[in-house]
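Residue strings, one per chain:
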Amino acid sequence: MSAILLIAVPLLAAFISILFKKYAHYILVFVSFASVFALGYMDLGTITVGGFNAPFGIVLILDDYSLIALYIVNTLFFLVAILNCNEFKKVGSIMLVALAGLNGLLLTGDLFNLFVFLEVAGIAAYLITTTNKKPLASFNYLIQGTVGSSLYLLGLILLYAMFGTLNMADMASSIANSGYGAGVTAFPFLLMFIGFGVEAKLLPFNSWTKGILANSNRLTGPMIASVYAAAIGFVFGRLLTNVFVIEDTFLIIVTIILIFSVVAGEAMAYASTKVREILLYSSVAQAALVVVVFMSGFTGWAVYLIIGNAAAKLVLFLITNTATKQLGNDDVETFKGLFVNNKVIGLAFTAVTLSVIGLPMFLGFVTKMNILENMFVSGDYIWPAIILITSVVEGIYFIRLLLNLWYKENDLPEVKFEFVLKYVVVIIAVLIMVFGVYTEPVQDSADNLVAYSYIEGGNL
Amino acid sequence: MLQYAAIAMLMLGLYGLLTQRNIIKIIVSINILEIGLNLFIVSVGYVEGGIAPILTSDFNNNGLVFVDPLPSALVLTAIVIGVGTTALGLALAKNIYQKYGTFEIDEMGEE
Chain A
1 MSAILLIAVP LLAAFISILF KKYAHYILVF VSFASVFALG YMDLGTITVG GFNAPFGIVL
61 ILDDYSLIAL YIVNTLFFLV AILNCNEFKK VGSIMLVALA GLNGLLLTGD LFNLFVFLEV
121 AGIAAYLITT TNKKPLASFN YLIQGTVGSS LYLLGLILLY AMFGTLNMAD MASSIANSGY
181 GAGVTAFPFL LMFIGFGVEA KLLPFNSWTK GILANSNRLT GPMIASVYAA AIGFVFGRLL
241 TNVFVIEDTF LIIVTIILIF SVVAGEAMAY ASTKVREILL YSSVAQAALV VVVFMSGFTG
301 WAVYLIIGNA AAKLVLFLIT NTATKQLGND DVETFKGLFV NNKVIGLAFT AVTLSVIGLP
361 MFLGFVTKMN ILENMFVSGD YIWPAIILIT SVVEGIYFIR LLLNLWYKEN DLPEVKFEFV
421 LKYVVVIIAV LIMVFGVYTE PVQDSADNLV AYSYIEGGNL
Chain B
461 MLQYAAIAML MLGLYGLLTQ RNIIKIIVSI NILEIGLNLF IVSVGYVEGG IAPILTSDFN
521 NNGLVFVDPL PSALVLTAIV IGVGTTALGL ALAKNIYQKY GTFEIDEMGE E
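Protein sequence lines correspond, in order, to chains A and B.
For what it's worth, our numbering labels the leading residue of the first sequence as 1, then goes sequentially.
For what it's worth, our numbering labels the leading residue of the second sequence as 461, then goes sequentially.
Please keep in mind that the hints were generated in silico from the structure rather than gathered at the bench.
Hints may be right or wrong, so weigh each one.
In silico DSSO-like links for lysine-lysine, alpha-carbon gap of 27 Å or less [what the hints assert, rightly or not]: (1) A:210 - B:559; (2) B:485 - A:133; (3) A:325 - B:485; (4) B:485 - A:336.
All figures in this text were calculated on a predicted structure; none of them were measured in a lab.
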């Protein structure tokens, strides 16, 4: 089966669903399930679109890296879709466009095509966030997202003017063969980095995040913080490892941005008194951490960091937003004692949170441990120090949150979680624990991916 | 020369985005930014004295000087995307006006 169907079928279904508005949410669930299912039958390789060969035409690349990315994003998307299909029937068609955009982002091997899919996925995201009923926040997101992708396009055009190609692999080899120093490409790469930084929630460019995620509902929270964050993380990883030349001045600027993002993200999460704000600032810090790990060259572990974080944020935002809807607000005070009567949900929430902090027995620990180990081996001491210090801060605010949610004597909040949600949440928590203890497959696949993706991902 | 004009227009749009506090003016600013960007893209493909890269009975060999057709194709896509974003922005502006009764962000009393 050709991977292009992953983009074409959701798009076609989106147009069909406009004709049958009443059944849009059924079409959504069916198509998103079908795309997870179809991934098992995809042939790895390069797909040429329109009969023009590699550097001249658009190509889609399906290698190990993008296959993993597609599995993660499509599975998470399916879970979000099935949990919300009855409550948000109106956005069925838009979600289908979002699915096409996200799959396109992960598959494409062409820099301009990437911009187009970034905008398709972006416009779908702006529309999905309008279900928050906060039009000003959505407008803010729209403006920042558009400026970001315009900057990406400007950087891309500068590169095109310099090297005369738009294909990722061709661009990388042209840059390597041109003999220019890193200073020449630093400016276009910085523009592209900022453009992606807006979507990836890196700190100076992410003021939209608070408006969207702090007012999120059960659809937008998991969608933006988990599905979109994972997809953008994977695409950013491909650019960072295969296209960008990160040296000299550019390295210094990017490092400062990332240190600022990680430290300030954790600090703001520490200072927040609302559950959703804690989660959103923690995901800002995690997004920056993903970029750091990709930049250090540990592709496999960065992938596991994305997976762990996306799964965790799905669980955390689902539980928080379900409770917020029933309790009226998301202050930690209101949430006090939430898990006393909801022990199963509470255990899943706790397991996932401990994994994000990076305690032993959970997937997060395996990932963090290996990242730190690899960083020490490669002689980097600044980033391990920052990661360790911020992990302590993270531990403090998350455990403080957990204590608040578990202990209260009387006057407990009444929240009902439906059966499907419990099921999904518990399975994700169990998976995180299983792979935290049984680490061999994680270790093997992560180490192999480092070598493989770097060669195969760029090549045609 | 065209490139400097395009960059100036891009900067003008960015300036508008940073200084204006009115929803409609922000949308206009982002359009100016996008037009500046599109002009810049077209200018990248411009060749002095070049003609449109189309084979006709008047120009039927490859020895002529053509302008680069790719940036024009890219601009076409970028324009369509820009229109889509503007339409969505205006729809959101309508929602904002219905909710707050004003287009001035400072008068909305929210963040």
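So, going through the hints one by one against the coordinates:
Distance check on the hinted pair: residue 210 of chain A and residue 559 of chain B sit about 20 Å apart at the alpha-carbon level, within 27 Å; holds. Of the pairs offered as hints, the one joining residue 485 of chain B and residue 133 of chain A holds, with about 22 Å between alpha carbons and a cut-off of 27 Å not exceeded. Taking the CA atoms of residue 325 of chain A and residue 485 of chain B, the gap is about 35 Å. The hint is violated against a cut of 27 Å. Among the hinted pairs, residue 485 of chain B with residue 336 of chain A is inconsistent with the structure: their alpha-carbon atoms are about 44 Å apart, more than 27 Å.
Checked against the numbered hints given earlier, the structure breaks hints 3 and 4 and satisfies all the rest.
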